[in-house]
Amino acid sequence: MSTKYSIPYQLDTIQGGIRCPDCFINSTYTVALHPGSLSFLYNSQSRRKNGFKIKPTQNNLKELGQALNLYFIYFFGRNLKSYSLLKDNSWKN
Numbered sequence: 001m002s003t004k005y006s007i008p009y010q011l012d013t014i015q016g017g018i019r020c021p022d023c024f025i026n027s028t029y030t031v032a033l034h035p036g037s038l039s040f041l042y043n044s045q046s047r048r049k050n051g052f053k054i055k056p057t058q059n060n061l062k063e064l065g066q067a068l069n070l071y072f073i074y075f076f077g078r079n080l081k082s083y084s085l086l087k088d089n090s091w092k093n
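Counting in the numbering used here, the final residue of the sequence shown is number 93, and the numbers go up one at a time with none missing.
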């Protein structure tokens, strides 16, 4: 893997977008996303148009889960109890 693809991009919940690796900052309202996660997210949004299907890795799902949770925390101002239940699988008996 080349160095170019090992540097993560950054999802910024406050500014509402993706930050390139050159503009990477430290903030509690940002989460790192690798190119594979971004590719899966983009493809899942435009799958009907292009017909391609990309299977996510566990790392992709973990990164995107963290990103969604960060959005929930920022916009709702608190952790969602349902997210914690799903994450911990504590809804299973």
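If you're looking for bench data, these hints aren't it; they were derived computationally from the structure. Every value quoted in this text rests on a predicted model; they were computed, and no experiment measured them. Every residue, glycine too, gets a C-beta built ideally from N, C-alpha and C. Some clues are possibly wrong.
[Said to hold, decoys possible] Heads up, simulated PhoX-like pairs for lysine-lysine below, C-alpha to C-alpha not over 25 Å straight-line: (1) 62 - 87; (2) 62 - 81; (3) 55 - 81.
[Said to hold, decoys possible] Computed spacing ranges between beta-carbons, pair by pair: (4) 28 - 52: 13 to 21 Å; (5) 84 - 22: 33 to 41 Å; (6) 86 - 22: 30 to 38 Å; (7) 18 - 80: 34 to 42 Å; (8) 80 - 36: 23 to 31 Å; (9) 21 - 82: 28 to 36 Å; (10) 42 - 86: 18 to 26 Å; (11) 87 - 42: 34 to 42 Å; (12) 68 - 35: 24 to 32 Å; (13) 51 - 24: 12 to 20 Å.
Hint check, failures only: Going through the list in order, the structure violates hints 3, 4, 7, 11, 12, 13 and respects the others.
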